[in-house]
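Residue numbers (the numbering used here), protein chains in the order written: chain E, 1 to 185; chain B, 1 to 525.
Quick caveat, the hints were computed from the structure, so don't treat them as lab data.
Take these hints with a grain of salt, some might be off.
To be verified - Incomplete in silico selection of chain B near chain E, CB under 8 angstroms:
#, residue
1, I57
2, F81
3, P359
4, A366
5, N367
6, P370
7, G374
8, E379
9, R382
10, A385
Stated by the list, open to error - Here are the in silico distance ranges between beta carbons for each label pair:
#, chain 1, residue 1, chain 2, residue 2, range
11, B, Q434, E, A177, 38 to 46 angstroms
12, E, A180, B, E152, 51 to 59 angstroms
13, E, Q142, B, Q434, 49 to 57 angstroms
14, E, P59, B, A343, 41 to 49 angstroms
15, E, A177, B, E402, 41 to 49 angstroms
16, B, E10, E, P59, 28 to 36 angstroms
17, E, S43, B, G245, 27 to 35 angstroms
Think of the CB as a built atom: it goes at the ideal place given N, C-alpha and C, for glycine as much as any other residue.
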Amino acid sequence: MDQDRRQFLRNTGIVLTVAVAGEVLLLSPAQARAAGLPLQVLSAQEASTLEAITEAVVPGARKAGISQYVDKQLAASHEDSLLMLKYLGVAQSDYLSFYQGGLRSADKLAHARFEKDWPELTSSEVGMLLTDISGTQPEGWQGPPAAFFFFVIRSDASDVVYGTEEGFAEIGVPYMAHIAPPQPW
Amino acid sequence: MTAVKSIPVEDAFDLLVVGSGAAGSVMAAQAARAGKRVLILEAGPARELSDLVSSQIWARRLKWSGAYVEEEGNLSIGHGFNSGWGTGGAAKHQYAVWPRLHENDFKTKTRYGKGIDWPLEYQDLQPYYDKIQAEVGISGDAAAEKWRPPGEKYPMPPTPVFSQGRVIEKGFQAMGMSVAPIPLAINSVPYKGRNACLYDGWCDAGCPIGALANPLVTYLAWAREAGAELRNHAQVTRVIHDAAGRKVTGVEYFDAEGKQHRVHGQAVVLATFCVQNARILLASASDKYPRGLANSNDLVGRFLMTHPSHAVYGLFADETLPYQGPTGGQLINQDHYEQKLKAGAYGSYQWLIANALKPNDLLGIANTRPDIYGPALQEFMRKAAAHMGAMIFVGEDLPLAENRVTLSSKRDQYGVPLAKATHNITAPTEALCQAAVVEGLAIFKAAGAAEPWAGQRFGMHIIGGTIMGSSPETSVTDSYGRCHDLDNLYIAGPGLFPSSGAVNPTFTIHALTLRSAEHIVRNIP
């Protein structure tokens, strides 16, 4: 990969870099997750909650690297950000508080209802909470409206699971790229 | 931060064009072709065809990334989605659905007692539609569009109808309604050195092969070939005028490094789309014009419009393979376009039928059913990927004075107040939308969809905010986009439209701008 290509990829904010024995490697969020790279913006608790929720909403989101994807986009400039939030009426200055506020409220809800963190919930408990978040404004919920937050992270998860060449193939849709993305996403 | 009066004038041009989208590109091309010295100032980054990566995730780099626009009202104009960012503006990610406005769109106040009359008639625009159509190329079947206003036939045959279109067409036939191939600014065959379409549905991500007529392969390319200069990351903050307040002298802008510049022009064209045009005018207030430029009658920002739209979806027993074809759709219906007045409702409308769908993103398959998740979503995705059909209702909006762009109390990094866009629809438009959804669901049932459903209402396109007209008391500009208050300040783009019609605006933007460009070229010394 030439230098211009590397810089281009970095500028898009969709890949992560890591120095290994003096070599800078570019990793997709899924690869970054597999490599256990640290997050830049989200805390471990926030990432854990995000993964637990989105995995239940769009199966495959955790392995695809949902946390690494959201984390990297939150660290990117507005111009380079690839988050769908970009065209949903939220100011870029509020992106981080949008995710953190929603995840914090989701944690509080899980503890209020079941005294557990999201990864510890049973599938039926997760289902009950998702019903609340997606269709109502649970009591004590703060940050972005619960249903809107659910819509956004569901869309993020759909991006990483279905918005790639592998995701297209999973449901039988030919990708037919004019210009293939240099990384899946 | 306010403009510094001591900024030296760095350069002078015949024409300053602010914005490199559809309107700015046509304006710049015509002026440059006429031998004028033209500078295009584009707020966003440089974009080339090679940047148009086939991915709905990557495509978000083409969407608005400038100063935040505050929005309120019962139907958002969707500024973040409907606006563009970087070279080519919103036209870079347009879907190239290019129907003409109809003759009954131009004098709605006179004919129906609703809305605002245009200062021109369809017949005034017709030759410009025809010129643009020949130069850019449109694929379609004029004879099949029985509702089509007068005009030259399309220079290319229609794009093919794929299985999704054929399946949905049966519903229209069963309802006694008509369909025709959508007139698309997409090459069905090679045209003037540009490739033919491959029908892979990546229009929203930007077409890098030149089949879709975005500015990078049409007027912006021609403007640059004719000598126009394009400066990217040039954020215009203010239009400046002479001491008498009759003429503008140029603009001030910030570059990527945050350095402020001042350039002069014999004339200035604001072509930064509806919201930013109004914002720049309002933010250019001076001692002579304390309410903002071109705003003597408090009309700048008013009559902001968007096309109220609904998608209708269904799963069919037959294969539809909805990944095939153009994003904008394969077929069109305008059977009822001439009937703007209905019981309790007002407005024309059209159906855009069989839109190509990708799995993800705002308009993708997954978000057509935002209510399902988990294993049910997986099952739905697999079925929908092969059996889903979609079509979109595009309705007319009413120009209302209270729907407007104003300045926020918050400011951007350059000290310019943010724009606030307020947009509400009222009862006649609400009734139009509700009736259309009922009709759409009936069409899909007639086509064989067992349980069709409608998506949430959304605003498609942005229109108005600096409307043209015959009188300074009722409009911001004349029919050429020339501001009533200032002889050499022009507005270009859909912000000029006094009424929205119910067709996609990009073709009309081109035609109207071409008419204005000829006028401007004649009047630049």
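Hint check results:
no., hint, verdict
1, I57, "holds (5 angstroms)"
2, F81, "holds (4 angstroms)"
3, P359, "holds (4 angstroms)"
4, A366, "holds (4 angstroms)"
5, N367, "holds (6 angstroms)"
6, P370, "holds (6 angstroms)"
7, G374, "holds (6 angstroms)"
8, E379, "violated (10 angstroms)"
9, R382, "holds (5 angstroms)"
10, A385, "holds (4 angstroms)"
11, Q434/B x A177/E: 38 to 46 angstroms, "holds (40 angstroms)"
12, A180/E x E152/B: 51 to 59 angstroms, "violated (39 angstroms)"
13, Q142/E x Q434/B: 49 to 57 angstroms, "violated (35 angstroms)"
14, P59/E x A343/B: 41 to 49 angstroms, "holds (48 angstroms)"
15, A177/E x E402/B: 41 to 49 angstroms, "holds (45 angstroms)"
16, E10/B x P59/E: 28 to 36 angstroms, "violated (57 angstroms)"
17, S43/E x G245/B: 27 to 35 angstroms, "violated (56 angstroms)"
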